[in-house]
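Student: With the hints as extra help, turn the sequences into a complete structure.
If you read the sequence shown in the working numbering, its first letter stands for residue 862, the second for the next number, and so on.
It should be emphasised that the hints constitute simulated quantities derived from the structure, not laboratory data. Not one of these hints is a red herring.
Listed next, the in silico EDC-like pairs over lysine to aspartate or glutamate satisfying Cα-Cα at most 20 Å (straight line):
1) K1022 - E1086
2) K1022 - D1106
3) K912 - D884
Distance ranges between label pairs, derived from CB positions:
4) A905 - G956: 19 to 25 Å
5) S1089 - Q933: 44 to 50 Å
6) N929 - S1108: 55 to 61 Å
7) K1058 - V987: 26 to 32 Å
8) I1145 - E1170: 35 to 41 Å
9) E940 - I1140: 38 to 44 Å
10) S865 - A1180: 39 to 45 Å
11) D1166 - G956: 18 to 24 Å
12) K1147 - K1050: 20 to 26 Å
13) A1174 - A993: 21 to 27 Å
Glycine included, C-beta positions come from ideal geometry on N, C-alpha and C.
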Amino acid sequence: MTDSITNLVVLGSTGSIGRQTLDVVRALPGRFNIIGLAAGDNTALLKEQIKEFNPQYYYHSNKKDQTNFPNQRYISMEEMASLPEADTIVVATPGGAGLKPTLAAVRAGKKVALSNKESLVSAGSVIMQDAAKYKAAILPVDSEHSAIWQCFEGESRKFAKIILTASGGPFRGYTKKQLEAMTPEQALKHPSWKMGKKVTIDSATLFNKGMEVIEAHWLFGIPYEDISVLVHPQSIIHSMVEFADGSTKAQLGIPDMRLPIQYALTYGERVNNREIPRIDWTKIDKLDFEQPDMEAFPCLKLAIDAGKEGGTAPAVLCAA
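Tutor: And the structure:
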């Protein structure tokens, strides 16, 4: 176990990934010191988090709430992401709002636990070039990219092929005609994962998986033609890598975002967290795989095509 305490900034602390990040912090006392919390409009929850963790800095975008915290300093997310005393920046802010703080953290040479998809999709080339230039570390938080990261440990990426798994969402097996009658409420009922509303909707259309293909391309430097998507409804295998010799490595675990979050925050260690359940292998009788239906779920192909097009196409995709 490490003797040092990690100074942590959590951007998007009131969202799904932010809340689960703080769950990991609670489960591993003495390992982390929260120095900054940033939120959107949910100032009620932010107040509770500030009371619990007593950070030095905070931010929120709720212009209707002018509450001040006398023991904390209000600063922008970009300032928070580049604080000299910060060790790791968790970027869990959704949408395009995550790009500027991600760049700020990278250019400050931080460890960046990145959950925000839009940053890499819209500006992957810039982020990865700047990460190399400023010696920043991009630590993927998405379960699929965390799985790939773990599979690549100690391995050559030459001729490697990435297989991203997808649960298929609540509409797996539906025809294009059936999907026309589906409602947002039905789309929000994901069979495997507990996520925010936007990513849950994007998962139901497989648009999210297309974004993850673009992310994987930038994170691991693998050509698009060597990245494929496979539907795996049990969500036990989080992704796989096929190597030059024909062997394949996979990372398996229960569908719980606290696991990839913790791996990013404690990289280099395997830390026992009693709050994260283990797989009961006696209750898993099969692991299914199938090809995604590109006709019924055109958003998957749309996103992949935008990634291949390059230039500003992925940024336009994010803004659409």
